[in-house]
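Trainee: Given next are the chains, with one letter for each unit.
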Amino acid sequence: MPLDLLHAAKILGVSSDTVRRWARQGRLGSRRQGGEYRFEEVELREWAASRGMKTKGPHPSAWPTDSINQDQPLVSAFSRGGVVTLTDARSQEEVFEQWLGKIDMEGEGDSSLLLEDLCAREKLSSTGLGNGIAIPHPRTPNPQYSTKPTIFLAQVSPEVPWNSLDGIGVHSLFLLLNPTPKEHLRILSRVAFILRDAHFQRLLTSKASHKELMEALASLDPTAT
Amino acid sequence: MRPLSSLRLQGPRSEPWMMVGLALFVGAASAGLAVLLRSGVHHLALFLSDARESPLGFLIPAGGALVGVLFIRVIFREPGGHGVPAVLEAVSRRGGFLRRRSIFSRLLGSLVNVASGGSAGLEGPVAYSAAALGSSVAGSARLAERQRIILLACGVAGGIGAIFNAPLAGIIFAAEVVLAELTLATVIPVSISAIVATEIGRKILGASGAFSAGSLSWGTADLGFSAVLGLCAGAVSVLFVKSIFKVEHIASKVKAHSVWGTVGVVAAVAGLLVGLLGLLHGQILGEGYGLVQSALSGNLSLSLKAIAGLWLLKMLATSLTLGSNAPGGIFAPSLVLGALLGYGFGSFLQDELGIVGLASPSFFALLAMAGLVAGTMQAPFTGIFLALETTGGWGQTLPLILVAMLSALVSKTFLRHSFYTWELAESGRLLRPGTDQRILADLTAVEMLDEECISVEIGKTLEDVSHQLATTHRNHFAVLDEEKRLRGMLDISNLRSIIFDADLRRLTTVETVMDSNIPRILTSDSLLQAMQVFEDSGAWVLPVVQSDGLFCGTVSKSNLFDNYRRELIVQTADRGE
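Residue numbers (this note's numbering), protein chains in the order written: chain A, 8 to 232; chain B, 8 to 584.
Hint data in this document are derived by calculation from the structure and do not stem from the laboratory. One should not assume that every hint holds.
What the hints assert, rightly or not - Restricting the straight-line Cα-Cα distance to at most 25 angstroms, the calculated cross-link-like pairs of lysine to any residue (SDA-like) are:
| id | chain 1 | residue 1 | chain 2 | residue 2 |
| --- | --- | --- | --- | --- |
| 1 | A | K61 | B | I499 |
| 2 | A | K109 | A | L210 |
| 3 | A | K61 | B | R573 |
Unchecked claim - Covered by chain A, per the in silico footprint, the following chain B stretches (three or more residues, Cβ under 8 angstroms):
| id | stretch |
| --- | --- |
| 4 | 209-220 |
| 5 | 423-432 |
Note that the Cβ used here is the ideal one computed from N, Cα and C, for glycine as well.
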C-alpha cells in the first residue's frame, strides 16, 4: 500500500515539508497520484538505510495497520510487537535465537540477556499450553525489555517440541514482554482468554493470514475500561 | 541468494533508462534548434549582404541589435543577454525550470543580431534554447527537479554538440559549467543527447569540423612558449571579460535616464558603433569564424600591427554587442580573439624575435582558442575539447592542456568568478550541487520546527501556566494572543526567583515577564537566514511565524544541527550515485 506524505515523514523521522522537498527535487523516489506524492514503504526504508539514516515506525514484520484500535490493550500490545514465521528452527534454543534476531526491542535490554532469561524460564517449567501453543516470557517482568506491554507472535513450521503437557510440539508462540508484574497478569489473563477461543485456535493451526488473525484479535479483545 | 524480485525494473533501477529515452528525444530536438539557428543566420546574412555594400550598410548592425532586443524584451518578455547565466540560475535556484517560450526567444533574437553583424556567437543562445527545451520536456513528463536539471543539461550538450559538430565539448560544457557535477546519473543521458544531436547536425550542416587546422608539428621548445601563451591568454581573457562588464556598467547607467531607458535604444546605439567599427574591418562583424579559419590555415596575410589592430577592434565590437545586452554568445568571439592572439604570438616569436625552428603561428592560434574559452568561462576542459573537436587538432593535446590550465589559473587569480557565473555568484544565487550553500539554502525553517512546542495565552498568570511547566522539560514557551499571533517568548530559566513562590506566581502575568523583542524566523527563511538570526541574537530557541504573523512553532539550535547533518548526508549521497 503506498504511503502518503505524512506517513513517509513519520517513517523517516523528518517533517513532511522536508519529504515534499526531497520528492520535488528528485532526491527521494516517489509517484504522483492525483497530484499527491506517494511512497513505497520498502523503497523508503532501503533509501534511508543506504544513507545510514534511521527509520522509525513499524518494522517490516508489523501487523497490517488498518484494524488496529489503540483502545484495546491486547491489540495494541500485539501491534507494538510483530509477527514472524520461523521455518528452520529444530529446538527451543534455535527458536529463541532466530526469533530474537528478527525482532526490534524497544527497551534498553539486549537480546542475549533476554535469550538467557527465556531459556531459564523454560527450565523452571514449560510455557507450553497444549494444542501447539506456548507463551514464553522472562522470569520477572522487566521494563528493560519493554516499557509497555508487548506481544510478539512467531509461527513455527515444522512444529518444535516444547515439553507441553499434551506432548504435542508447538506451532504458535506468544512472547510476552511486560514492564511490571501487574501488567503481566492483566495481559496474561487476556491472552489466555482469547487462546481458549475455538475460532482463533483454528486460525492459528490453519496458518491464516496476519490480517485475519488481527481481525479475530480485535473482535475478541474488549476495549479498556 | 537474492530473490528474483530484486531484479525488478521499477523505481530507482528503471529511472536511468527512462532518462536515456528522454535524452534521445531532447538531443534530436536540440539539433533541430541548432540547425534552425545556423542556417537561419546563413540565409539572413546572405540576404543582407547586398545591403551591406551600400553607403548606409553600417547601420545594419544597429537595426539587427534593435530588432533582436525587441524580439526578446517585447515579444517574449524576457531579460536580454545571451542566456547562459539564466540557465545557471534555473539550475541553481529554480530546479531547472525555464519557460517554454524561452525555447525561441534568444534563438530568434540572436539570429537577427548576429546575421546583421552583431559581434557575438550563436552557441550561448542555442544552449539556452535547448536548455529551455529540455526543461519543457521534463515538465511535460512531470519529472522531479533533479531529472529536469539533467534534461536541461541534455539540451545544452545537444545544442553545443550539434552547432559545433563537437559532442565532447557539449558534454563537458554541460558538466563543467552548467551542472558542476560529473556523475554517472548525469553524464550518461547528457552524452546520449550529444551523440544524437551531433549526428543529426552532421547530416544536415555537414560532417566536417567547424574549422580545419591541417597538420601541425611541435617540439619541446614550443611547449615552453605555450606556457607563456597560456599566461597571455589568461590575461587577455581577464581584459576581455572586464571590458564587457565595463560596457555593461556604462549601459546600465545610461539606461537610468528616461529616453535612453527605452527598450533597445542602448543596444541600437552600441550596434551603430559596431557598424562603424565594421567600416574599418568588415571581418570583425558577426561570428567572425572566417578569421579563425585564416589563422588556422596560416593565410592571415597581415602585419603584426594589423593583427593587433584587428584584435582590438574585435574586442571592442564584442564588448559593445554583449555589454549592451544584445542577444548573442561569448563562445565565438572568444575563439576569434584566441585565434588572433595565438597567431600574433607565433608571428611575433618568428618575425620579431627571429626564433627559428618553432611551430607555425597556426599552432599557437589553435592553442590560444582553447586558452580564451578556458579563461573567459573558467572552464579549461570545455576550452580543450572545443579546440580539439572544432579543429581536429588531436595531435596538440599536450600544449592545449597547458595553455587552457594556465589561462584558467590567471583568470581565476584576477576574476572572482567567470563571465557566466559573475552576476549570480556575486548576489549569492549560484548554488552548486552538494555544496554548503546549497544545503543552507534548501532547508527552510518550516522543515526544522521542534516536535514539541508549548504555548501559553496572553493574560494568564504564571500560576495558570504552572501545570504546563510541570509536564514538560522545555524551558521556552511561546506567548500568543487569541488569534494565535506571537506576542513574545517566556524563558523559564530566567524566572526561577519567582516561579517557586506561590504568591509571586499569582501576581505575575506572562506579559510582564515575557521577552517581546525576540527576533522571529519566518517559515520561508532558509537555514542560512535562520542561522544568521541565531547568531545575531545569541538565542538557543526562537519562534517561527508565518508571513501573516501567525505562530507556527519554535526552532532550536540543536534541531538546526540535526537537520543540517541529515541534509548533508542526503545531498552528498546523491552525488555518489
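Trainee: Take the hints in turn and mark each one as holding or not.
Mentor: Structure-based check of each hint:
1. K61(A) x I499(B): 33 angstroms, violated
2. K109(A) x L210(A): Judged against 25 angstroms, a Cα distance of about 23 angstroms means the pair holds.
3. K61(A) x R573(B): 10 angstroms, holds
4. 209-220: violated (count 0)
5. 423-432: With 0 residues closer than 8 angstroms to chain A, the stretch 423-432 of chain B misses the three-residue bar; violated.
Hints 1, 4, 5 from the earlier list are contradicted by this structure; the remaining hints agree with it.
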